[in-house]
Structure formats: C-alpha cells, structure tokens
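Full structure from sequences and hints, please.
One line per chain: the protein sequences are B and P, in this order.
In terms of our numbering, the first sequence has 1 at position 1, counting the first letter as 1, and numbering is strictly consecutive.
In terms of our numbering, the second sequence has 5 at position 5, counting the first letter as 1, and numbering is strictly consecutive.
Think of the hints as simulated: they come from the structure by calculation, not from any bench.
Please note: incorrect hints may appear among the correct ones.
Each computed SDA-like pair below joins lysine to any residue, with the alpha-carbon atoms no more than 20 angstroms apart [as the list claims (entries may be wrong)]: (1) P:Lys9 <-> B:Pro39; (2) P:Lys40 <-> B:Glu67; (3) P:Lys40 <-> B:Pro8; (4) P:Lys40 <-> B:Gln36; (5) P:Lys38 <-> B:Ile99; (6) P:Lys41 <-> B:His38; (7) P:Lys41 <-> B:Gln36; (8) P:Lys41 <-> B:Leu49; (9) P:Lys41 <-> B:Val44; (10) P:Lys41 <-> B:Gly41.
Bear in mind the structure is a predicted one, so any value in this text is a computation, not a measurement.
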Amino acid sequence: KNEVEQSPQNLTAQEGEFITINCSYSVGISALHWLQQHPGGGIVSLFMLSSGKKKHGRLIATINIQEKHSSLHITASHPRDSAVYICAFQSMDSNYQLIWGAGTKLIIKP
Amino acid sequence: DTEVTQTPKHLVMGMTNKKSLKCEQHMGHRAMYWYKQKAKKPPELMFVYSYEKLSINESVPSRFSPECPNSSLLNLHLHALQPEDSALYLCASSRRVPTGTMSTDTQYFGPGTRLTVL
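Laid out in structure tokens, this is it:
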C-alpha cells in the first residue's frame, strides 16, 4: 500500500468551477507539501503545512492531522491552473526525504 | 530573488560523452538537492548538499557525480550514462538543512534539465 494516496488521478473541469484535490497518508508526518508541476518540467511549491489551513490567492490548503488527510482547493478555476498537482510529505522518521503522491492531472477548459 | 535556475534546459548526449548540469540559487539557502524524474512518476531524490557538503547520497550510480563549488552553485557531472538515465533532472534548495530534529522547510525547485541519452 502506498504511504500517500491522491485523488482523483485526473480531473477535467470548466473554467470557474471550484476544484478539490485530496491527499491521504498513512504515517506520522512532520509536514505536508502541495506542489504544482506544469507540462515541461518545473515544480513550484504551493504550500507547506503541518496543521490547519493556509490560503494564497485562489488556492486553499487544509490538513487534518487526526484523519491523516489534506485537501487542496482552487476557487474560480482558470485554464492557467491546468497542471499536475502533487502532495508530498516529510515523515517523522526521515525528515529529509519527501514522500510523493502520484499527482493529480488537472485540466481546466475555457 | 526566489528563483532556482538550471542550465541547460535540454541536453542530448551519447553514452560516451561527459557533460554537466548546473543549478544556481541566490537565496542564501544552505541545502541543495538533485532529483531525477521519469515520465509520469514523482521525483526521486538523488543527492543532498548541506552547507556545501554532500550529506545524503541515495545509492546513486557513480556515473552521476555531484559537486558543490560554493553555496550558490550545484553541479551534476555526467559520464558514461545509459539510455535509461534519460529523465528530467530537477534541482531544489531550502533555507534550512535537513537534520534529525529540524524537519520542515519549503524546497524551491528549478525548471529542470530534460536529458536524453542516446
């Protein structure tokens, strides 16, 4: 069983829709990251959180440590949000190693 | 400046060639990382440099040789690579170095070098 599970694997939505991507993990973590990867490579760190909720522009990330679950929300989605969104965490056992989810490929249609 | 830069963007090399990938950051970060990413897979950690010293080598073959000439620059020297080494090579940096107790820090990633080995 993977230590981190992301859902959905693929998501296609219309511009303006509210988007939710979920991430569940099975071990104790010290922090969870949400990252964005556009086609062609570069990865951008969106959030790092260990409790509660963070907001940046139209992006909101939440984490529930007891339930070992995190969500990434995008409000008023736009075609430029199309990318792969990845959750990754640092476990309490190995803090340098990021354990990566498989990613969610998001396509926002105009 | 919150940017990690990588050069070249694309590299095609033969199995007998020697080439180098370069990564640079001017954020004063003390940890730098090399990752390898195959298509549709998450990145795999290769090396970590902490305070310009190699602190973690994830059992990477010796045909990959990292070098950290100064606190802003990280190189990855390539020699006698195999076609299966073709991948996206990502560099990242973080302000704090990974240690036993200090665990959490954002890693800033570069755009990557897409490497093709013929």
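A quick look at each hint next to the structure:
{"no.": "1", "hint": "P:Lys9 <-> B:Pro39", "verdict": "holds (14 angstroms)"}
{"no.": "2", "hint": "P:Lys40 <-> B:Glu67", "verdict": "violated (28 angstroms)"}
{"no.": "3", "hint": "P:Lys40 <-> B:Pro8", "verdict": "holds (15 angstroms)"}
{"no.": "4", "hint": "P:Lys40 <-> B:Gln36", "verdict": "holds (14 angstroms)"}
{"no.": "5", "hint": "P:Lys38 <-> B:Ile99", "verdict": "holds (16 angstroms)"}
{"no.": "6", "hint": "P:Lys41 <-> B:His38", "verdict": "holds (14 angstroms)"}
{"no.": "7", "hint": "P:Lys41 <-> B:Gln36", "verdict": "holds (14 angstroms)"}
{"no.": "8", "hint": "P:Lys41 <-> B:Leu49", "verdict": "violated (23 angstroms)"}
{"no.": "9", "hint": "P:Lys41 <-> B:Val44", "verdict": "holds (16 angstroms)"}
{"no.": "10", "hint": "P:Lys41 <-> B:Gly41", "verdict": "holds (12 angstroms)"}
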